[in-house]
Each structure stands twice: as C-alpha cells, then as structure tokens.
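Protein chains in written order, with our numbering: chain Z, -15 to 250; chain X, -15 to 250.
Please keep in mind that the hints were generated in silico from the structure rather than gathered at the bench. Treat the numbers as computed from the prediction; the structure is a model and nothing was measured. Any given hint could turn out to be false.
The list cannot tell twin chains apart, which means a pair is met if one copy fits it or any two copies do.
In silico EDC-like links for lysine to aspartate or glutamate, alpha-carbon gap of 16 angstroms or less [to be verified]:
#1 LYS228 with GLU34
#2 LYS177 with ASP143
#3 LYS242 with ASP226
#4 LYS33 with ASP226
#5 LYS122 with ASP164
#6 LYS96 with ASP164
There are 2 protein chains.
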Amino acid sequence: MQKQGNAIGIFDSGLGGLTILRSVRSLLPKENIIYFGDTARVPYGSKSKETVTSYSLQIAEFLQSRKVKLILIACNTASALALEAVRAASSAPVLGVIAPGAKCAAAASKNKKVAVLATEATVKSKAYPKHLARADKKIKTAQYACPLFVPIIEEGLLDDKLTALVIERYLKPVKKLKADTIILGCTHYPVIKDAIAKTLGGKVQLVDSAEEIAKEAKELLAKNNLLKKTGPGKTQMFVSDDPKRFAAMAVNIIGGKKPKVKQVRL
Amino acid sequence: MQKQGNAIGIFDSGLGGLTILRSVRSLLPKENIIYFGDTARVPYGSKSKETVTSYSLQIAEFLQSRKVKLILIACNTASALALEAVRAASSAPVLGVIAPGAKCAAAASKNKKVAVLATEATVKSKAYPKHLARADKKIKTAQYACPLFVPIIEEGLLDDKLTALVIERYLKPVKKLKADTIILGCTHYPVIKDAIAKTLGGKVQLVDSAEEIAKEAKELLAKNNLLKKTGPGKTQMFVSDDPKRFAAMAVNIIGGKKPKVKQVRL
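Just chain Z, same shape as in the assembly (with noise of 0.2 angstroms):
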C-alpha cells in the first residue's frame, strides 16, 4: 500500500450514502470522513455501467488528491457496476457495499431464501446473487427493481398511503418467494425500513449494509495499522450540485445541525 493520507473517503450518488456516513462515525468516532455526492448527475440506478463507472473514477479520483486512506462506495449502483474498476484505478483501499450485505444476508437466512430489492441497473448486473452463491452456494436468490422507491423516499412520504400502496406493489413477488431475509440493495430504502417491515408483517429479516461495510472498513484499517489514535474525527461534505438543498437534506438522516457542504465540479 503506497503512502495514505488521514481521511475515509465515502461517494454516492446523491444522498441515500449518508446512512453510511452515519455508520461509519458511530463506529469511527475518531476518523475523518470525506463525503462527496453527486446530486448534479444523481440518480445511477437506470444508467448504463459504462456511465456510472465513468463518474464513479472521477469521484475516486476527486477523492484520492485529498488524500483518503480508504474509499468507501456507498452507492449499490455504483458498488455493482464500477467496483473493481474503482480499484484498478486507486492505491487507496476501496470497499463496496454489495459484498458486506450479500455476507451478512447469507449468514442471517435460516430458509436460504433471500430477495433482493434494488435498482434497475443493480439487478441488472447480478451483483447480489454472484456474492449471495460465493457466500453459501445452497441459497436461492430472487431479485425485484424498485424504481419507485428513490422518487417516494426523496419526497418525504415515508408515512404515506401512496408509499404503502407501492411497497405491497413490490413486496408481492418477495411474499410469494416465502424469503426470511431481504436485502435493501439502494442506500435509499432504509429510510422506509419500517414501512417495509410493516407490510412484510415482521416475520422477514432486512439487512442493510451501512453497519457491515462500517465494520469492514474497521477491520481494514485495523489490520493496515491506519486507525487514527485521536478524535473527535472531522467530516467534510462535497458535492457537485447545489449544496444548500443538499445541507438541508442532510439533516434528516444524519441529525444535529446543518452540516457546511461545498460545490465541487467534476
């Protein structure tokens, strides 16, 4: 590993990645987090692989000339479909969040059965079933594209009628599927976690991999010696669209006060 600099560098698309950020300061009170968003070109989920690995090196590389000790993808979009790319192009360690929540989906499922929910491009690319049958090669995988979710989450109607009304819409192939895990492969959904859970009826289990790409990111730094000693950690937040909407937006995943986030173009 070349020379690293002192900060985790954490990318999305947008928004949804902040639960990942929120993970990883729980878990890493001491580190320093550089978060970038691309909300001037979000949503990934219905662009080709050739286009969002395309940004996805231009963030990496944004990221790498502030010198971060190790990137996290937290777009599963992004994780699907630029993954080793990302790698091949960076000296820093880089780490996605497919292959932490198809891990810890294999290990929690007791009938072998788990149902992904994702966006188009991520159930395209088979990212989940591959790391689902590397995991446990017994485990029968089922996959449904929830195009909707993203608009409804970024509209606030997470207690709504209309949101219940499409969960039902898509849960109804993972009902039929009799799955005892489902795995919310879009940073977005947790934030409709309950909602899900409501409507499944709380028999089924839902993995998020915000906690396990944190612990994998602990693990790493561990085991390279690159833990920061001293706290508090420090967060820096850039993106490439307006930053006000995106401060404002902020503050309903990550709480507390408004955080400062600047423009960057890429």
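Please arrange chain X on chain Z, whose structure you already have, making use of the hints.
Showing chain X alone in chain Z's frame:
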C-alpha cells in the same frame, strides 16, 4: 444571422422531448432533425440553475458543431433556467418551450385562471408566471411541482391505480383554484394527459407546448428564408448514455420501427 446548417437541433434531458420531435416532424416533414437526449445526467428537474445551464451549453455546443440552423430546447426545466445563456452562446436562433406554452394558455383561458404543473426547478424559476403575466396581466397563476410524474411515466404506469392516486393528489390544489386551463409544464406529462383529463372531469383545457413550439419554429424559419424546400427530412438521434435503452423507449413515443441512436460523451 450567420451561416446556418440545414438541420433543426432539438434537445432534452432525456426522452420527453421526443413529443416535440414528433410535432416538428409532423408540421415540417421536409426538415432534417438532430435530437440530443442527455440520458447520462437525466433528470434536470431537481437540479440547480447553474448545473442545468452548464449541461445545456454543452449540448448547444454539440448541436452547433453539427451545423444546426435552429435550436429548440424541448426540456421545460432547461427552457426555464438556461434559455438566455444558450441564446447568448449560440449563433443559431434558439426557442424554448415556456413562452409558446404560456402564450397558448393565456389565449385559451376564459376565466383567466391558469395552473402550471411542472418540475421543482421550473416552478422555482417562476418562468411560467412571468410569461403568463406578459401575455395577459389579468391572469391568475398557480404552480405545482409534481416530482412523481416523471418516474411513474418512466415506469410505464400509464393506466394504473397508483398513477390515479398521484394525479388525484397533485390536482387537489388545481381544482381548488378553479383554473380552466392547465399547462403541462414538463415534456413527460403529455404521456398521462388522458389520465389527468379524466381526474379533472373534462372541464379543463390541457396545454402542452409541443405543437406551439413547432409552429413558432416554422414561422421563424419561414421569416428567415431557412425552410428546407425538398424532403423527406432525416432524423439523427444522439444520447449521452446507453443508446439501446433509449431506442427501445423512443418507439413508445414516436412510433415506427426502432430508431438508430448514437452515444456521445459530452
């Protein structure tokens, strides 16, 4: 006016502008058309003026490199936020969809109450109220951002319980205003025109800008002696993301066989 090429350039954030391509083709069948859909960065409706302007200028530059004689901004958000900037940077004349839509609605309204359904960014720009007031000072205008319409349309839920519920919700304040005319201020919305009309009970006129901008384009070309004399015209399509996905979806709007679409990185 400087030396002009022989095609009409049309651009949109993605697919929706094909409703305008369709109108232009129908009114001006001899003209060559170059269409550009910015599918790698779609949508524009939730993004900032700065970002939408920067994207629009890049696209206008691309169209000018193909020697267009006229640029039509098919996207309402780009028309609302970037028309002046694109005009200032282009040697070809530039038309947006806001002014024609507002003119048409002002002429159509009898009770002088006009509602505008549009994206968040278009609503925020106040472009429609400004143009409606310019057309007729007596007109009362109310605007409503409808962020779920685009994802619902892109999911193809045209005749669906969910769509009816979303329309019902967005139209509640419109009904309260008792507007007799509604501007469909986003090129996607005409796709659910029938469902909107059904919810309103048939007493309201729905205005979309596609036919109006085609008429303005014809007038402008005629005035400048730039109309193409012989046909039939050819259409070339370019997108910034996966051309196959776009071609498959384009058929739903313009009919016929699957068009050839090329990818251009801006």
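Alpha-carbon proximity between LYS33 and ASP226, which holds within one copy, between copies, both or neither at 16 angstroms: For LYS33 and ASP226, the Cα distance is within 16 angstroms only across copies (9 angstroms; inside one copy 26 angstroms).
Alpha-carbon proximity context of LYS177 and ASP143, limit 16 angstroms: within (11 angstroms within a copy, 28 angstroms between copies)
Within, between, both or neither: LYS96, ASP164 at alpha-carbon 16 angstroms: within (8 angstroms within a copy, 58 angstroms between copies)
Alpha-carbon proximity between LYS122 and ASP164, which holds within one copy, between copies, both or neither at 16 angstroms: This pair counts as within: shortest intra-copy Cα distance 14 angstroms, inter-copy 61 angstroms.
16 angstroms Cα threshold - placement of GLU34 relative to LYS228: between (30 angstroms within a copy, 13 angstroms between copies)
Alpha-carbon proximity between LYS242 and ASP226, which holds within one copy, between copies, both or neither at 16 angstroms: Classified as within: same-chain Cα gap 14 angstroms, cross-chain 37 angstroms, threshold 16 angstroms.
Checked against the numbered hints given earlier, the structure satisfies every one of them.
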